[in-house]
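Chemist: If you read the sequences in order, they're chains B and G.
If you're matching positions, the first sequence starts at 0 in numbering that gives the first Met the number 0 and goes up one per residue.
If you're matching positions, the second sequence starts at 0 in numbering that gives the first Met the number 0 and goes up one per residue.
Think of the hints as simulated: they come from the structure by calculation, not from any bench.
One should not assume that every hint holds.
Claimed, not checked - A short list of chain B residues far from chain G (calculated; beta carbon distances all over 12 Å):
1) T82
2) K83
3) T87
4) G92
5) L155
6) S167
7) L181
8) A187
9) N272
10) R273
11) L322
12) G330
As the list claims (entries may be wrong) - Think about it this way: if two alpha-carbon atoms lie no more than 30 Å apart in a straight line, the pair counts; the simulated DSBU-like pairs of lysine-lysine are:
13) K317(G) to K119(G)
14) K83(B) to K220(B)
15) K161(G) to K231(G)
16) K83(B) to K359(G)
17) K161(G) to K130(B)
18) K417(G) to K359(G)
Here the structure is a predicted model, which means the values were calculated and not measured.
C-beta: ideal position from N, C-alpha, C; glycine also.
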Amino acid sequence: MKKSVLLGTLAAVGVLAGAASAGTLDDVKANGVLKCGVSTGLAGFASPDANGRWEGFDVAVCRAVAAAVLGDGDAVQFVPLSTKVRFTALNSGEIDMLSRVTTWTFSRDVDLGLTFAGVNYYDGQGFMVRKDLGVGSATELDGATVCITTGTTTELNLADYFRANGMSYEPVPIETNAEAQLQYLSGACDVFTTDASALAATRATFASPDEHMVLPEIISKEPLGPVVREGDEPWSDIVRWTLNALITAEEKGVTQANVAELAASAGGDPEINRLLGTEGDLGAMLGLEADWAANAIAAVGNYGEVFEVNVGESTAIGLSRGLNALWTQGGLIYTPPFR
Amino acid sequence: MAMADQPAGKSFRLSMLLYDTRYRSMTIQFIMLALFVFGVFWLLNNMYTNLAAANKNPDFAFLSSTAGYDINQRLIEYTSQSTNARAWLVGLLNTLLVAFLGCILATVIGISVGVLRLSKNWIVARLMTVYIEIFRNVPVLLWIVFLNAILSETLPQPKDFKGVDAVASMSFWDTVIISNRGIFVPEPVFLSGSSIMLYVLLASIVGIFAFGRWARTDQETTGRILPTFWIKLAIFVVPTLIVYFMMGQPIDWKLPAFEGRGAIGPDGVAYTKGIFRIDADNGIHIRRSLIALCLALSLYTAAFIAEAVRAGIMAIDKGQSEAAGALGLRQNRVMSLVVLPQALRVIIPPLISQYLNLTKNSSLAIAVGYMDVAGTLGGITLNQTGRALECILLLMITYLTISLSISLVMNLYNNSVKLKER
Chain B
0 MKKSVLLGTL AAVGVLAGAA SAGTLDDVKA NGVLKCGVST GLAGFASPDA NGRWEGFDVA
60 VCRAVAAAVL GDGDAVQFVP LSTKVRFTAL NSGEIDMLSR VTTWTFSRDV DLGLTFAGVN
120 YYDGQGFMVR KDLGVGSATE LDGATVCITT GTTTELNLAD YFRANGMSYE PVPIETNAEA
180 QLQYLSGACD VFTTDASALA ATRATFASPD EHMVLPEIIS KEPLGPVVRE GDEPWSDIVR
240 WTLNALITAE EKGVTQANVA ELAASAGGDP EINRLLGTEG DLGAMLGLEA DWAANAIAAV
300 GNYGEVFEVN VGESTAIGLS RGLNALWTQG GLIYTPPFR
Chain G
0 MAMADQPAGK SFRLSMLLYD TRYRSMTIQF IMLALFVFGV FWLLNNMYTN LAAANKNPDF
60 AFLSSTAGYD INQRLIEYTS QSTNARAWLV GLLNTLLVAF LGCILATVIG ISVGVLRLSK
120 NWIVARLMTV YIEIFRNVPV LLWIVFLNAI LSETLPQPKD FKGVDAVASM SFWDTVIISN
180 RGIFVPEPVF LSGSSIMLYV LLASIVGIFA FGRWARTDQE TTGRILPTFW IKLAIFVVPT
240 LIVYFMMGQP IDWKLPAFEG RGAIGPDGVA YTKGIFRIDA DNGIHIRRSL IALCLALSLY
300 TAAFIAEAVR AGIMAIDKGQ SEAAGALGLR QNRVMSLVVL PQALRVIIPP LISQYLNLTK
360 NSSLAIAVGY MDVAGTLGGI TLNQTGRALE CILLLMITYL TISLSISLVM NLYNNSVKLK
420 ER
């Protein structure tokens with residue numbers, strides 16, 4: 000019935016309905032601005048600063064893509080999205096890309112019509128408790144009341160973890176990270192669980208962070224990365240390789256400070272030359288200018304710089320590189336070669 | 000006469016559809032209907048085409064797949080390994096629970112406030128006005144969040160009950176725990192013999208009706224007025240209580256209690272480490288989210304019901320109550336026998352829409368973490384499966400069904416109380 004209805008009217012109204020979108024790249028170029036979905040406010044990853052300018056680890060990916068495509072890291076319209084609406088916003092074309100601490104999972108990739116353009120942060124789910132609770136391990140959490148941001152993979156991990164360990168718990172589902180903080184601080188729950196990076200970011204915003212601790216257990220794999228719509232390969236290539244360019248830049252020692260100098264003329268390292276467009280035509284293959292990667296690096300810095308500035312050990316959030324160190328330094332951050 | 004003899008079909012011309020007033024309205028209606036059907040059809044087709052383009056053909060198979068998440072308040076058996084359809088049902092029951100409790104509470108508060116607002120006592124009447132104006136002029140979402148915050152900030156945490164130097168203690172002779180996780184009350188355990196109590200209770204209810212009927216005929220014949228309320232209450236309670244003690248107290252009460260590793264040792268202090276929690280297996284847990292949601296929804300809706308009640312009472316001519324007074328009826332009897340029965344005709348239609356509003360407003364439950372149907376099917380299931388359109392459609396059908404059922408029941412009641420015209 001559905002099919003016959005569909006086929007029967009396809010001819011009649013197909014013209015009206017089938018305003019299929021052109022490539023996202025063309026749309027972005029035509030608009031002169033990149034619409035990037037970010038979180039509604041998570042310190043270090045995406046939050047507006049005192050002047051209302053969006054800053055953060057996820058925001059930097061948006062700015063890098065905007066710089067690569069449009070030559071201007073500020074040509075971004077940030078669209079704050081809740082966990083609930085983020086994929087709908089992307090699928091409906093409301094945003095061009097999503098950079099919002101989103102976990103790459105099988106069902107999201109395969110079933111939801113999304114394409115993950117890489118991983119910019121290897122995370123895992125952790126637990127935060129008050130120190131005076133006297134709990135030293137997640138295995139001691141039997142019977143705890145757990146605050147959890149709803150609509151995330153953490154909800155499923157939590158159910159699995161407590162079931163696997165034969166423990167009971169009382170879930171308190173909460174819509175936003177900010178509300179979850181309030182509930183946790185008011186003592187409405189014993190434990191707050193989400194990605195370990197977000198726990199650190201949240202703890203950093205507390206009045207007295209020392210009263211709280213993140214338990215050592217990491218109960219899941221949460222590879223976070225930028226997401227685009229499925230079926231637009233040229234655009235997913237651009238996002239993927241912009242991220243790769245930032246990582247390669249760190250590998251090769253290209254920084255925000257020296258990128259202009261290195262991009263001015265071909266130097267001794269062929270991969271840097273190809274990356275920065277002084278050799279070969281990688282930019283043209285993506286449908287971009289030759290200096291696309293140089294623009295991206297100039298806008299936000301290389302991967303290591305982005306990490307340090309936003310969430311690194313020198314910041315209030317104070318995350319160590321850990322898994323997110325370069326592969327040459329024992330981490331997982333690795334990129335295919337630029338050739 | 001000649002015109003009438005002609006067969007109707009022959010005199011009919013196409014242009015009459017437009018120029019003959021007998022047919023014109025039908026033509027216009029037909030065109031509007033066709034346009035409407037086409038519009039709906041186009042929207043649906045547009046949806047299907049675009050979903051197909053996004054590789055998301057409507058598919059309800061997710062309902063039978065594993066949900067994978069836990070729900071805190073479960074009125075029926077549910078684990079994270081249950082299906083999404085089961086989670087939908089659990090949420091639906093939670094919605095119905097809060098709607099049911101909310102409607103009852105709102106009606107009780109609303110009628111009391113509505114009557115008191117017309118009180119001759121200046122302070123009482125003004126206080127009720129203040130209540131109504133404050134509650135109905137602030138969005139209900141804020142009331143829900145506000146009440147939840149108050150409960151969570153002011154009530155003691157479980158750890159406040161621990162040790163010898165506890166800052167909080169159990170209420171009502173150590174049978175009830177009031178904490179910011181909710182209220183824990185004793186849970187009845189029905190032992191053998193308790194079924195007899197149930198039969199006695201049912202018999203008492205039948206007895207109450209029988210007594211009510213007898214009292215009415217008695218009053219009509221002799222004019223005696225019995226204190227029916229107290230007698231009915233006694234019929235309701237006394238026989239069951241007698242049987243309860245005769246059967247050797249066949250109902251056991253599971254008292255809520257605390258537990259936790261080394262909660263309270265022999266010396267009464269030992270608890271030092273770990274989660275100090277309220278035993279989930281003993282006692283009934285009335286969650287804070289349910290209390291906050293139910294209170295906020297009923298206080299908010301009661302303000303509107305109070306206005307409907309006031310309007311209904313004021314619609315009854317003053318002469319009615321004066322006449323009743325002249326017959327020697329006391330004030331409260333005038334209200335309950337003369338004014339309210341007539342006022343109900345005016346009150347019930349707006350009351351129906353207030354019940355519907357309360358039920359629909361209960362979908363704000365996620366603000367306090369109450370897992371209603373919008374939180375399970377329209378929240379977590381939607382998020383985890385990504386089937387936004389399907390979930391929202393099912394959710395709309397769910398609320399439509401609930402609302403129409405409430406309307407149906409209330410309209411039946413309305414028909415039974417409305418003015419009988421003979």
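Chemist: Quick check: which numbered hints come out false for this structure?
Modeler: 1, 2, 3, 4, 5, 6, 7, 8 and 15
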